[in-house]
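K.L.:
Build the full structure now, drawing on both the sequences and the hints.
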Amino acid sequence: MAHAERPDRAAGSPPPPGGTAPAEVIKAVRLRHPVRNLIAVVLAVYFVAFLWDASTRKAFQWDIYIKYLFDQRISAAALVTIELTVLSMAIAAVLALLLTVMRLSSNPVFRSIAWFYVWIFRGTPVYVQLVFWGVLSLIYPTLQLGLPFLPPVISFATGQALSFFALAVLGLALNEAAYLAEIVRAGILSVDRGQEEAAIALGMSWGQSMWRIVIPQSMRVIIPPTGNEFISMLKTTSLVTAVPFSLDLYARSRDISAETFTPIPLLLDASTWYLFMTSVLMVGQYFLEKRFARGISSARPEKAAAAPDTREEAIG
Amino acid sequence: MTGEVPMVEAVQVSKSFGSNQVLKSISLTVARGEVLCLVGPSGSGKSTFLRCINHLETVDAGRLRVDGTLIGYREKGDRLHELKPRDAARQRRDIGMVFQRFNLFPHMTALENIIEAPIRVNRANKAAAIVRARELLARVGLADKADAYPAHLSGGQQQRVAIARALAMDPKLMLFDEPTSALDPELVGEVLDVMKQLAQSGMTMIVVTHEMGFAREVADSLAFMDGGVVVESGDPRTVLADPQHERTRAFLSKVL
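In order, the protein sequences belong to chains Y and W. So that you can map any letter, position 73 of the first sequence is 73 in the working numbering, and since no number is skipped, the others follow by simple counting. So that you can map any letter, position 204 of the second sequence is 204 in the working numbering, and since no number is skipped, the others follow by simple counting.
I should point out that these hints are in silico values taken from the structure, not numbers from a laboratory. Don't be surprised by glycine CBs; every beta carbon is placed ideally from N, CA and C. Where hints are given, some of them may not hold.
With the Cβ distance kept under 8 Å, some of the chain W side facing chain Y (calculated, not the full set) [what the hints assert, rightly or not]:
#1 P85
#2 R90
#3 M97
#4 F99
#5 H107
#6 E116
#7 A117
P.N.:
Right, here's the structure in full:
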């Protein structure tokens with residue numbers, strides 16, 4: 001009857017066999033994986049052989065690879081690639097939000113426009129779109145802003161107003177917006193309908209309920225795939241040569257190799273830089289995903305720290 | 001004059017979802033300060049009727065008036081015009097709603113939930129809204145939970161915050177859509193207590209509920225709905241003790 005004195009033990013549970021001493025920790029013989037080990041060894045041998053071969057292979061021209069890896073033109077081009085990525089993603093994000101709101105609005109005109117936009121920009125290759133942006137000034141020599149049948153308010157020559165850089169950013173952004181819009185839409189649809197309903201029932205307008213209630217909650221779903229799109233965009237910038245814009249990482253390394261007749265080491269240089277930049281973004285995405293995968297409940301600590309402010313406001 | 005206008009007046013209200021007619025010519029009135037309990041089996045149209053009152057659903061036929069104002073439409077001559085979204089939102093301001101699943105905004109603290117609509121919709125001064133929100137939190141017994149997020153509150157506490165959130169807009173009518181149905185049994189009482197207190201303060205309330213004890217104790221009237229019609233209505237103590245209709249009797253025998 002020794003157990004009767006232990007209130008923590010559930011009434012119905014059977015008494016432990018062999019008295020109250022804790023059970024011995026199991027020390028079993030580990031299961032062996034001979035086939036797994038064999039495959040690993042074979043692959044490792046092949047990989048080392050490949051590395052050995054590559055390091056001595058003439059075509060790679062490792063001396064030239066090293067010479068140009070930190071060439072000032074290459075690192076400057078990498079910076080241009082980052083600029084293209086950041087600018088086009090920023091514009092795309094704003095456009096995507098606009099498209100999503102249009103797509104989810106009750107206005108059939110807005111809905112059709114958004115649908116049409118996504119249809120066009122998702123349905124044609126980004127390379128082709130970039131070529132089109134490049135020949136924009138041939139199709140429309142002047143751009144005019146104004147109402148139909150009235151003299152234009154603003155008018156400018158397309159070629160002068162928009163540099164190839166601007167056209168590249170525009171082309172990438174408009175294409176990306178179509179994809180981001182789908183991501184944003186999925187995020188917004190993931191928010192419980194009761195949230196919008198509660199906001200509406202409080203007398204908030206649809207716009208207020210979207211902006212204040214639904215969109216903040218949809219971020220949890222939107223952020224991770226957007227990080228993915230960011231990485232994807234960094235690589236897609238290599239297509240801006242279609243515009244033609246030639247100061248980005250890929251175009252620049254190709255230009256150099258055209259002078260030096262060493263295409264292979266410069267391709268390796270460009271690849272190294274791309275890989276470095278995407279790796280940095282992947283690390284960033286890892287932390288973003290961790291941050292947003294935590295339930296809304298864990299968004300709390302910072303908020304709790306900020307709470308005293310509201311209390312002071314109430315007093316003041 | 002205003003004393004004679006009922007707070008809610010439904011005249012032959014009908015509503016269909018596709019071919020499924022959910023409300024069949026519902027007529028009832030709720031006087032100022034009256035507490036009406038709507039009871040009935042699920043699918044009987046109680047919640048839909050409630051949602052029609054603040055225009056979350058549109059009425060297909062009949063007229064629905066709150067404090068003398070037609071809901072969802074504007075009468076011009078003998079024709080009805082659909083309301084602009086802004087005017088519909090203005091009507092909802094005066095009608096508080098509490099949902100079965102609370103629907104608190106999870107990214108905001110209890111306090112932020114409460115001050116959101118007064119600040120955004122009524123353009124209230126923020127400091128004043130916060131003072132008022134703290135009063136309301138104290139009134140529902142949650143003065144110490146102002147900075148807590150919904151996920152850190154129990155279901156009963158969340159529902160009390162939701163009631164405070166609706167009260168912050170100073171509604172003249174409160175709608176409760178099965179406010180205790182999603183709660184663990186031991187949490188039901190705290191929410192019903194808040195509602196009882198609210199009823200005693202003179203608030204006009206329509207409560208869709210399965211809590212017959214609450215109906216008997218607090219409600220001024222009770223309407224039993226089944227299959228989209230009001231089968232029977234009257235004083236809750238009379239209806240519950242001596243139901244006249246066979247369907248009412250069958251339902252009550254299962255829930256009491």
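K.L.:
Each hint: holds or not?
P.N.:
Checked hints:
1. Against a cut-off of 8 Å between C-beta atoms, the interface hint on P85/W holds, since the closest Cβ of chain Y lies about 6 Å away.
2. Taking 8 Å as the C-beta cut-off, the interface hint given for R90/W holds, the closest approach to chain Y being about 7 Å.
3. Residue-level restraint check for M97/W holds (minimum Cβ-Cβ distance to chain Y is 4 Å; threshold 8 Å).
4. Contact between F99/W and chain Y, as hinted, is supported at the beta carbon level, the nearest pair being about 6 Å apart and thus within 8 Å.
5. Below 8 Å, beta-carbon pairs count as interface contacts, and H107/W has one with chain Y at about 5 Å; its hint therefore holds.
6. Because the beta carbon of E116/W sits about 7 Å from the nearest beta carbon in chain Y, less than 8 Å, this interface hint is met.
7. Against a cut-off of 8 Å between C-beta atoms, the interface hint on A117/W holds, since the closest Cβ of chain Y lies about 4 Å away.
Against the hints set out earlier in the document, no violation occurs for any number.
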